[in-house]
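Participant: Starting from the two chains in their separate frames, assemble the complex, guided by the hints.
Taken in order, these protein sequences are the chains called A and B.
For the first sequence, our numbering gives the first residue as 1, with consecutive numbering after it.
For the second sequence, our numbering gives the first residue as 1001, with consecutive numbering after it.
FYI, nobody ran anything at the bench for these hints, they're computed from the structure.
Do not rely on the hints blindly, as some may be mistaken.
For the chain A half of the interface with chain B, some residues (derived, Cβ under 7 Å), not all of them [to be verified]: (1) C124; (2) H129; (3) T131; (4) I228.
Quick list of in silico lysine to aspartate or glutamate cross-link-like pairs, DMTMM-like style, CA-CA up to 20 Å [as the list claims (entries may be wrong)]: (5) A:K118 x B:E1181; (6) B:K1150 x A:E305; (7) B:K1301 x B:D1275; (8) A:K141 x B:E1181; (9) A:K302 x B:D1167; (10) A:K302 x B:E1316; (11) A:K278 x A:E160; (12) B:K1197 x B:E1329; (13) A:K118 x B:E1417; (14) B:K1172 x A:D145; (15) A:K380 x A:E355; (16) B:K1257 x B:D1268; (17) B:K1150 x A:E144; (18) A:K141 x B:D1167; (19) A:K302 x B:D1297; (20) B:K1270 x B:E1219; (21) B:K1041 x B:E1113; (22) B:K1172 x B:E1348; (23) A:K65 x A:D92; (24) A:K380 x A:E345; (25) B:K1278 x B:D1297; (26) A:K302 x B:E1110; (27) A:K381 x A:E187; (28) A:K141 x B:D1165; (29) A:K141 x B:E1113; (30) A:K185 x A:E160; (31) B:K1150 x B:E1192; (32) B:K1150 x A:E339; (33) B:K1172 x A:E144; (34) A:K141 x B:D1169.
If you're wondering where the values come from, they're calculated on a predicted model, not measured in any experiment.
For every residue, glycine included, the Cβ atom is placed at its ideal position computed from N, Cα and C.
Listed here are the chains, written in short residue letters.
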Amino acid sequence: MAKVAQGALDRAQELYEHRGLRARELTAQGSKFVGYLCCYTPAEIVTALNMVPYRIQGGVGRPLKHADQYLETIMCPYVRSCFDLAMGGEYDFLSGVVIPHTCDAMHRIYDTWRYYIKPPYSRCITVPHMTHQASFEYFQKELEDFQHSLEHFAGRSASEDDLAGAIALHNRSRALLRELYELRKREPPLISGTEVIRVLVAGMTIPVQEFNDLLRDIIAEVRERKPIPDSKPRLLVAGSEVDDVAMIRLLEDCGASVVMDDVCTGSRSFWVDVDPAKGALPGLAARYLGGITCPCTYRAGKAAERFSYMGDYVRDWGVQGVLLYTIRFCDTYQLDAPEIIEYMESLGLPVLYLEDDYIMPPLAQWKTRIEAFLETIEAKKQE
Amino acid sequence: MTQETREKTSSRKSTESAGKIRTVVKRMYQQAQQAKEERRKVAYCMVMCNYEEILAALDIVQVYTENYAGLCAVKRQAEPYMEKARAEGYSDLLCGYAQVGIGFDALRRELGEMPPDAPDGGMPEPDMLLGCSMGCDPRWKWYQALGRYKDAPIYNMDVLMPPSDADIDAIKEHSVRYMAEELRGLIAFLEEQTGAKMDYDRLMAIVRRVEETRWWWREAYELRKAVPCPMSTQDHFVLFVPHHMMLTDPFTLEFYKGLYEELKERVDKKIGVIDDEKYRLLWGMGLPPWHTMSILDYFPKFGAVFAAETAYMIPEPFEIPPDVTDPVEIIALRAFQRNSALQRRGQEADGIPPLAQAHLERIRDYSIDGVVMHITRSCRASTMGQILVRNVIRDHYPQMPVMFMESDIIDLDTYSEAETHSRIDTFMEMVESYKAPAS
Ligand code: SF4
Ligand code: SF4
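In isolation and in its complexed conformation, chain B is listed as follows (with noise of 0.2 Å):
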């Protein structure tokens, strides 16, 4: 680690709704602490389950642990967690974030209360693991190795991503069938922990509120179509935070109906995240580098800007049938739906793999002139599939740059900074020859 990556993250044209992130993400680990002490029941989740809406409508606490590993990345304290695993036998090559929170389980467990200087108080000890299957093996696996340090109960759950050439309608009936069937599992799971019983009714309002709550996101978001961009990736990638993690919160609505206003007066005034838009890029493939996040502050030297990403994606659009009155139905019906989408598209537009769909869709919609991805040595699923998508992207356009960032989303080790800034001067270049005919 050199002493320049030390330097500290600054955007100066950050927009004040990102401002109040580290706040709303103190609180919610404070709440969340405060509730364990009020013995009210604390899950360990993954984002993007789809069973956020079901643990609310239980008055379950939510705890995200991949973004404590994260936040733990952030604030360079991730190293004694990863330490920690690693002392327990696994690999330095598995998922960064499992690293760091089994290392931190591990550690809490031997140490037998919270660990010390635990970033922003810890997570409380949970009543209960809930993981699943969407995105990567992780995202259930994890939970299963923690039966180790705890005897916690254990829900893991299916959530389907459909293979890029399926008969999506023909799949659909049972694909939904089986994920309103895992979700019911799931509710009874919850009812046998908790004692309550699940509220249908108040299930329904909450999913009524997460809708109108995307609907905002995916609003403010499309703002930054706008030329010049009104948000920077960096702001992305905090205000994802009560989207992925507080859901169901009534603030999160109102705090994406405050991104939408923000940015609305931004665009029409025509205020950018930079003083000369030059060009626009996307943050294509790869979790952001959250050790290093200041990295992003280098691009906007050449009048380069993000105008939009693959990672964090606001879920697809989704209307709720008005015949379909079971919420637990239309949870199922929405999650195929979202996770078909792509693949719908792709497979209308000649067989585009979904991911290079994803990509495509962007570059197009947000007028891209290059493509930065993040080769993060301990997510594959995130960087799975990168090389793929850069071919696609040639194939469409031909001389569209495309640059490679090597990190991780936690470990230091493998990332030169030196490197990493002259692999963006000579992406730069490109860029800018890319960009030079049509100007």
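Here chain A stands alone, though its shape is the one from the complex (with noise of 0.2 Å):
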């Protein structure tokens, strides 16, 4: 049996505190990073070519500083955050940024990433909105045009034994990361919300041998907890980008327990693999235009049917509440809330609904609120 590494989820911590650190660090020497916004970033081609891909993030609790001079305060705050980080030099050890056109915010944001941050390297990946046949085919050339730009930046091409190997790789954190979730199915779980997003964000910044090797040790050391029985409110939260911990932890302050999520950031970035037996691209393709369920890709059929993966979560890891959090000016978003809220409803479930503006969490306000659903979460319990 594997030695269990003791300070395991410490480390998540230091790497989640001091987010560009390590790959600092490892620039200096002689890594290169590429930076990328969204999970439909395929990051096994970055990974392949033997660089690391590195999810940019937002700074929750840290106003904007240059994005007014840029950006309109009608877009997306967290791409603003970004941004707004992006200038100030908190990225400036990535080699490259890569944005895919999946959103209006995201499209947007690519031009004015390049005429004001000038990343040596720069890439725009349309994604379709459609999952027709012919948006697969599409989608795995303009993958192919990726991987094809980013070798003539690196130098160096990536043969179909290098992409496999990087599949493998990533697909290897994504079962690590689930095996991780497991242990929320229990009850009480065995690691908190506020862990998890941790692992996550600090996951996003490393490479991935070195995030695999971390996550095996995490893994050991959260089963080793023997944790004292409660029945704290099981929560799943769904929505958009969640890279920071003020409303997980809020929550669980609260006195609930987040056992799962259908976040950007969380197990939509990592719930399904890439089947290695379709080859690569075509692999690749599938994968992240057909795996990924984000409110961006258009899914025919009524809410049902479109959020009865969310369904499953709810039975699977018994969760007795949901809270929604949506990001302002997020049409994509905005647009599916209330169906979400009425399919989570029709299951029993009590919603709450929060919009926030990413930056400036009005944590006080939310207390009252969240303490109100959890104690109708209770109500609903006793019945």
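Facilitator: What follows is the structure, encoded as structure tokens:
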């Protein structure tokens, strides 16, 4: 049996708190980091070229310093925050940036990013909004072009084996994360929602192999835990980007257990594997376009069909209430939100809907709403 | 809302062609309602999706939901629909058109009939919903949301907008192929819905007529390069209607020919929008403030006229290649060429972002002295990028005044007439001093 490394969660917390630190260290040793926004970027292609994919994050609780001079106030505040940090030099260790055109905000930020930040490498990947057969064929070609452009930048090419190796590494990462999420099924869960966010964010900032090692240690560490039984309300958090612990910690401080999520930075980014049997690029196209359930991709059917995967989470993780979190000015999420609420309520679950400006979450105001919400769940449990 | 903002839109120097539009719009909705009664198939549509000719060739009646929302705003009747959308759980920050449209359909569903007093008799109940991804997310996502209120089948399709730095020649083949497949998918869907078969010769004839229609509109529009400018922006914001909503109608072709004749005569006789044209402005990004179009009447007081716009642009010129005979291929190729033309020219101009390129071209070609942009709170697509465009304009024309007007396409809450007037006053002072050394 592998030796249980102590302090793996502490290491995750350290990486979470000092996000660019490891990247800077490795960059100083010659590694190249390629930043990306949004979980539709096929990180495997970056890894296959021996570079490190780094998911660019925003700064919750950090007022904007530069963005107002460049970006309109009605733009997705998460995107504004990422850009703000980049303008302040926070991401100057990155050799490039990849921004998929998944939503209007992503599409528009690309030109501004290039014009002002001038990264040595930049690429906008067109992600189809549809999932027709032809959409997959187009997307595969788009990924092929992305690969070629990155090869050009890297000064080397990625063989089918390189790609297969990178896919295996990332699939391993996904499998480990799912294994970690399994431990949240327990009553009480073996790991808190707050800790999970730290682990996820840490993983976005280091090479995948390093993350896999860390995850293995984290899982071993968490498995050893012997929690005291409790009966805290078990929550699913659904929504957009959550790359900070503030909201999750507030929920847990108020007495809930966050046991599952459907957010861009959480399960949505790793739930589905790349099928290696399909071949690298077809497999990547199928996984990214077909496997990610973001509202920016059109899927036919009524709400009950479209959101049934969340129904599965509810059943399997014993979810008792849902927090729906959307970022202001996000049209795609906001056009789905009423139906998500309706669907969850049809499953008998209370829903709390928070529309946030991402940068300065009104925690004190939320606290009252969360407490009332948790009381509703408790009352329902007594029924 | 102040009392002043209720002033009527009035442009004394309006064209006769623009004067006809109100009747045309009314008739359009009447005809759509009548078609519904005759059990012809009605589709909810989005403008500029590139499927107009296909729908016409299959005799499908097209109802443009974004523009209906705009009509509700012009008539100040959008409020009850917005309220309904909010009551249904939709955010008040959502695209204003989508709020109005969803509210309208939610209300109709609740009442079991057309909402009373619906402007121009309302939109008929659709048999299908046809969205596309060209321009912004709400243009397909809205119809998905309507699935909450309707069982009408949906066909959403992609229309690609290549990134600014894409290698246009390299991506052409597979981009056009994808677009053609999306169109073929649409045709198969429509054939199933209507039981009719596509007549490709008829489609080809319609495609040709549409190109001719656009040619005339473009020719007419370009006459605005003349000094004095023969046509106002108020007119532009109604004259696009036949093109966007009745593109395939033979009437539309005749209409733009008529517009051309009218403007040509004005140019020949040096008849301008205003008597003493001192400054020429560009209406840059941002849809117009439909609820308060009268604000545009404030500019002529300074001797200023809007000579061009980047909103509701006429599609780029396109020559039907003689060797391509499949009309679907032609539509796909046309969509690609048009949606990548600004990227191409921007790249040739040393990496100007496409949106900025559109502005620089108009500033140059229409002898512009100042730019007005409209920050519309509820339309991300036409607002995001305005600051970048302003900055690029400044990089090229360091003194060129650029003004941001803030309100919305629908909602009046964010609009202050007094504040807008004072911004215009300051802006016009700058335009004046910018122009002074040259004159
Ligand atoms: S809409 Fe979704 S994909 Fe777009 S920026 Fe917001 S969270 Fe990201
Ligand atoms: S976001 Fe803007 S462009 Fe898109 S549908 Fe709404 S009003 Fe139209």
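Participant: Is A:K380 within 20 Å of A:E355, Cα to Cα?
Facilitator: Violated, because 24 Å separates the two Cα atoms, which is more than 20 Å.
Participant: Can you confirm whether the C-alpha distance between A:K380 and A:E345 stays at or below 20 Å?
Facilitator: With a Cα-Cα distance of about 12 Å, the restraint between A:K380 and A:E345 holds, given a limit of 20 Å.
Participant: Taking 20 Å as the top limit, are the C-alpha atoms of B:K1301 and B:D1275 close enough?
Facilitator: Measuring from Cα to Cα gives roughly 11 Å; hence the hint holds.
Participant: Does A:K141 pair with B:E1113 here, judged by a C-alpha cut-off of 20 Å?
Facilitator: It is violated: about 48 Å lies between the C-alpha atoms, which goes past 20 Å.
Participant: Hey, B:K1197 versus B:E1329, does the alpha-carbon distance stay inside 20 Å?
Facilitator: Cα-Cα ~18 Å, so holds.
Participant: Once the shortest beta carbon distance from A:H129 to chain B is found, is it less than 7 Å?
Facilitator: holds (4 Å)
Participant: Could you grab the alpha-carbon distance between B:K1041 and B:E1113 and see if it respects the 20 Å cut-off?
Facilitator: holds (19 Å)
Participant: Hint check: B:K1150 vs A:E339, CA-CA at most 20 Å. Holds or violated?
Facilitator: Given that 20 Å is the threshold and the Cα spacing comes to 14 Å, the pair holds.
Participant: With a cut-off of 7 Å, does the beta carbon of A:T131 approach a beta carbon of chain B closely enough for the hint to hold?
Facilitator: violated (10 Å)
Participant: Does the structure keep B:K1172 and B:E1348 at a Cα separation of 20 Å or less?
Facilitator: Holds: B:K1172 and B:E1348 sit about 17 Å apart, inside 20 Å.
Participant: Given the hinted pair A:K118 and B:E1181, is their alpha-carbon gap at most 20 Å?
Facilitator: violated (36 Å)
Participant: Take the C-alpha atoms of A:K141 and B:E1181, compute the straight-line distance between them, and say whether it is at most 20 Å.
Facilitator: Given that 20 Å is the threshold and the Cα spacing comes to 15 Å, the pair holds.
Of the numbered hints stated above, those contradicted by the structure are hints 3, 4, 5, 9, 10, 13, 15, 17, 19, 29 and 30, listed in ascending order.
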